[in-house]
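Sequences listed follow chains A and B, in order.
Numbering of the first sequence is given in the working numbering, commencing with residue 424 and proceeding in unit increments.
Numbering of the second sequence is given in the working numbering, commencing with residue 30 and proceeding in unit increments.
In short, the hints are calculated from the structure, not lab data.
Do not rely on the hints blindly, as some may be mistaken.
[To be verified] Taking lysine-lysine pairs in the DSSO-like style, the calculated list, with each CA pair at most 27 Å apart, reads:
(1) B:K137 with B:K90
(2) B:K51 with A:K433
(3) B:K137 with A:K495
(4) A:K509 with B:K216
(5) A:K800 with A:K495
(6) A:K495 with A:K509
(7) A:K965 with A:K509
(8) A:K496 with B:K216
(9) A:K496 with A:K509
(10) A:K965 with A:K496
(11) B:K90 with B:K51
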Amino acid sequence: MDLRRRTFLKLAGATTAGSLIPGCKENVHQLVPYLLPDDQIVPGVADWYASVCGECPAGCGILVRVMEGRAKKIEGNPSHPINRGKLCARGHASLQRLYNPDRIRGPLRRAGKRGEGRFEPISWDEGIASWRERLQTHRGHALMLSGPLSGTTAQVVKAFMDHIGGPLVIHDPLVDHALISAVDARFGRQVVPDFDLAESDYVLSFGAPLLEHWRSPVAMGIAYGQMRQGRPAVRGRLIQVEPRMSLSAANADRWIPIHPGTEGLLAIGIGQLLLTRQDTSTDVGNSDAYPDLFKAFDLNEIVRRTEVGYDDIERLAVEFSSAQAPVAIAGGPASAHTNGTAALTAVNALNMIRDRVGKPGGVRFFESMNPSIFDQKEAPISERGFLELINEADAGRFPLVHLHHCNPLHTIPPSIPVRRLFERAEFIVSFNSFMDESTDLADLILPDHVSLEAWSDHEHLDEGRVPAVGLAQPVVRPLYDTRAVGDVMMEVGRSIDEGVPEILSHETIRDAIRSNWEALLSQRNRTNEPDWFETAWIERLKEGGWWGPARGVQSPGQDRRSPGYEYESALFDGDAAEFPFYFYPYPSLALGYGEGANLPWLQEMPDPLTTVVWATWAEINPKTAMSRGIRQGDLIRVTSPHGFLDIPAVHFPGIRPDLIAVPIGQGHRTYGRYAANRGVNPLALLGALFDRDSGRLATAATRVRIEATGRTGSLTMIEQREMHAMRDLIGIDRINTWIRGSGKE
Amino acid sequence: MTTEDFIKRMTNIPFAWSSVGKAAIILLVCGGVALVVGLLYASGAADSSAQDIQPVSFSHKFHAGQLEISCLFCHRYAHVSSVAGVPSMQLCMGCHQNLGEETPETKKLLGYWENGTPIQWIRLQRLPDFVYFTHEMHLHHGVDCVHCHGRVEEMPHTPRASSFEMGWCLSCHRQQGGSLDCLTCHK
Chain A
424 MDLRRRTFLK LAGATTAGSL IPGCKENVHQ LVPYLLPDDQ IVPGVADWYA
474 SVCGECPAGC GILVRVMEGR AKKIEGNPSH PINRGKLCAR GHASLQRLYN
524 PDRIRGPLRR AGKRGEGRFE PISWDEGIAS WRERLQTHRG HALMLSGPLS
574 GTTAQVVKAF MDHIGGPLVI HDPLVDHALI SAVDARFGRQ VVPDFDLAES
624 DYVLSFGAPL LEHWRSPVAM GIAYGQMRQG RPAVRGRLIQ VEPRMSLSAA
674 NADRWIPIHP GTEGLLAIGI GQLLLTRQDT STDVGNSDAY PDLFKAFDLN
724 EIVRRTEVGY DDIERLAVEF SSAQAPVAIA GGPASAHTNG TAALTAVNAL
774 NMIRDRVGKP GGVRFFESMN PSIFDQKEAP ISERGFLELI NEADAGRFPL
824 VHLHHCNPLH TIPPSIPVRR LFERAEFIVS FNSFMDESTD LADLILPDHV
874 SLEAWSDHEH LDEGRVPAVG LAQPVVRPLY DTRAVGDVMM EVGRSIDEGV
924 PEILSHETIR DAIRSNWEAL LSQRNRTNEP DWFETAWIER LKEGGWWGPA
974 RGVQSPGQDR RSPGYEYESA LFDGDAAEFP FYFYPYPSLA LGYGEGANLP
1024 WLQEMPDPLT TVVWATWAEI NPKTAMSRGI RQGDLIRVTS PHGFLDIPAV
1074 HFPGIRPDLI AVPIGQGHRT YGRYAANRGV NPLALLGALF DRDSGRLATA
1124 ATRVRIEATG RTGSLTMIEQ REMHAMRDLI GIDRINTWIR GSGKE
Chain B
30 MTTEDFIKRM TNIPFAWSSV GKAAIILLVC GGVALVVGLL YASGAADSSA
80 QDIQPVSFSH KFHAGQLEIS CLFCHRYAHV SSVAGVPSMQ LCMGCHQNLG
130 EETPETKKLL GYWENGTPIQ WIRLQRLPDF VYFTHEMHLH HGVDCVHCHG
180 RVEEMPHTPR ASSFEMGWCL SCHRQQGGSL DCLTCHK
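Construct all of the structure, not just a fragment, from the sequences and the given hints.
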């Protein structure tokens, strides 16, 4: 070993300095006793509370381990019919929402100019008084922008908005409006049906992100496992058709990189072949209705436009027709085009040709529940619906705007000028628990509890084989001076006028939930004992909710046999010559549309396909990249007709050479220390193109061009394939270089 | 070649004895610092170095010895939990509220109680995080408090009676036929 004097001194110094590091540790520990002991708490022994996860609208049942009044760990609730004891990473990370250092800790009033981000703390009495005053001034002209709502809270918010007068607008970017309207067109029901993957043996998926965020990803994961390994003799097959290899495609038996926006055409091609094959189990009535839809395109034309070979299409058709229980599903990129509903309608038609509706392993609808306890649900609006809202705001209809668990300035592209809703408002009230881009513009912030501190219920009565209502109870005392939004609305609603709706007349949201549950349980669990409800209520709290017996499959009214929506080609924003690439921003597995970006565990979770952490990246086919001299990690400028973003490139073999894909989720300007100023928000590049029939934002319908900037981006990956001159995880390379360098002196 | 020649020859080879000396000194200094820090760190991991200087000078000798109060009266979770539990302020006051005689130390206790703040005791006994230990299991197997914590009823202050190191645990586990599986304590 060639050990020079300088090297020796450096190493000796580093060793000594290193040995001092533990000395920085605070090593006096304290024992702090209770002032008054709690009978229910034994220190060192955990209590487990059943509740409901609040991270996404799927509403999985959870069990929370609580010690000494502090939530420590979250697991899935084994008796909950949706997730059956399993839980996804986002559910586990919701602990960090509770303990997040950037939570809003009490009511705030704007101190500086709007958007300046300066707020001063006020008391709840002041906050509520100031809100009530505005409500009275602007009776009938209030707007409530809310994230997804469920159960009693949904009723309370709706009743409150009806009471004070003004629209309740539900915004949830993950809702697949194209799927809903395609199902409605075909079956006449405004619900997402149950795709019975577990019993299927051939799943033909047109981009459905079933392992990422399609409906309840946990329930889908369980069904997927059943489909693959749950039956002794059958291993179900999964075929994924989409331009970019998603996690679902990576798990599929075959991935078909179709030309963006032509998923519906492929379904039509398969349908043509199915109809010409005589061995389909089609009933005559159905097949009569389809030739119009399926014969409109020549198969050669379909091969040319989808860029899927004739042999491949034929193979899919043969497999789909010969499988015992095939099912065709669609979503993700397939519904993110201007022809999304039309494409999904064509995919649904495949299920009808094979007569897979109402069959095990097919598309199922269930009898709806009789009791209309959790009625008055407001459906989420599509992004196109915002244009109308903005017009109304321009006309001065909404001087008072409320924000509840949503951040439209981050989840809606600027080409839809949502900001005008805020600019035209005289007063903005936010109930969000975190400072985000939208709440930053608020005049008054009345922070809600986070889900682990709050009462709520989550009903799944219209969907799923087992009707279920999850019951969420607070597992810890509220950490800060926050209040449940339901409680605040009830208090203000009662004081504002006579004629208060019944649901608002309760003292707290807990009382409202209890009265709903009394109605729900009295239908089944009622006994003759006078305090039957108390007993049943405690039982339901322990169980984490109520689930009924499995219900029968209902065949939907097939009165809408004519195809609901004519197929048309997808439209794109941007000239093909100037913007040669398709662009697909997709919801990040961990961060969703950005709501998870303030939780470090989710930031730290490597993307399953690229292994990138804590960043935004642009996926580019290695061939495309090489031909343009773009190396792994190089900063590329992605330009659309609506702006440009500089994003580090990741060579990703699972993407078509004509496509650039970027995960959504980062790019927060303000959302706490872990999210702010990290990465970019690819939605900023999107044009205001919508699915023709459902109004869903066509997120895949913008074209871009790319150019190298000559700079290297900041990118951290766990797996460092083909990395050149890039920042790595712990900088071992740099240390090696440094030591080698000093050895040569 | 004579011995003289050999020595001459050897001394002609340019060998910097002084630099070896310097290196040795540097190594010694570094090693010394590392040793001291390491010792402090190792002791810090189990807190044995902390002195029993508590915010209120509580005497086990008086309470457990003279008054013969059972350990489990105050440390009431020891037989149901992994931790023995520090008595709540209310438990202290259960007796102290009715005492006529006041000393400076009991006045301090009253002060805490009236302010509604708990006493922040300095922790003396602590196992590292990688050790899974439960009081409950040991009490159920008939191990007395004294066995590990010493005769606290004779101690005005409470030093660590045992080392609480792995060898010490294992010697008892061997004698008593306790589990010797690694995963029993390191889960």
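Against the structure, the hints come out as follows:
At roughly 19 Å between alpha-carbon atoms, K137 of chain B and K90 of chain B fall within 27 Å of each other, so this suggested pair holds. A hinted pair counts as satisfied when its Cα atoms are at most 27 Å apart, and K51 of chain B with K433 of chain A qualifies at roughly 14 Å. Between the alpha carbons of K137 of chain B and K495 of chain A the distance comes to roughly 34 Å, so the proposed pair goes past 27 Å and is violated. At most 27 Å may separate the alpha-carbon atoms for a hinted pair to count; K509 of chain A and K216 of chain B meet this at roughly 23 Å.
For the hint pairing K800 of chain A with K495 of chain A, the CA-to-CA distance comes to about 34 Å; that exceeds 27 Å, so the pair is violated. Proximity of K495 of chain A to K509 of chain A is assessed by CA-CA distance (about 17 Å); at most 27 Å being required, the pair is judged to hold. A threshold of 27 Å between alpha carbons decides the hint, and for K965 of chain A with K509 of chain A the separation of about 18 Å falls inside it, so the pair holds. The straight-line distance between the Cα atoms of K496 of chain A and K216 of chain B is roughly 17 Å, inside the 27 Å bound, and the hint therefore holds.
Between the alpha carbons of K496 of chain A and K509 of chain A the distance comes to roughly 14 Å, so the proposed pair stays at or under 27 Å and holds. Taken as a hint, the K965 of chain A and K496 of chain A pair is honoured in the structure, with Cα atoms around 17 Å apart against an allowance of 27 Å. In summary, the hint linking K90 of chain B to K51 of chain B is not supported, as the alpha carbons are separated by about 55 Å, beyond the 27 Å threshold.
Comparing the model with each earlier hint shows violations of hints 3, 5, 11; every other hint is respected.
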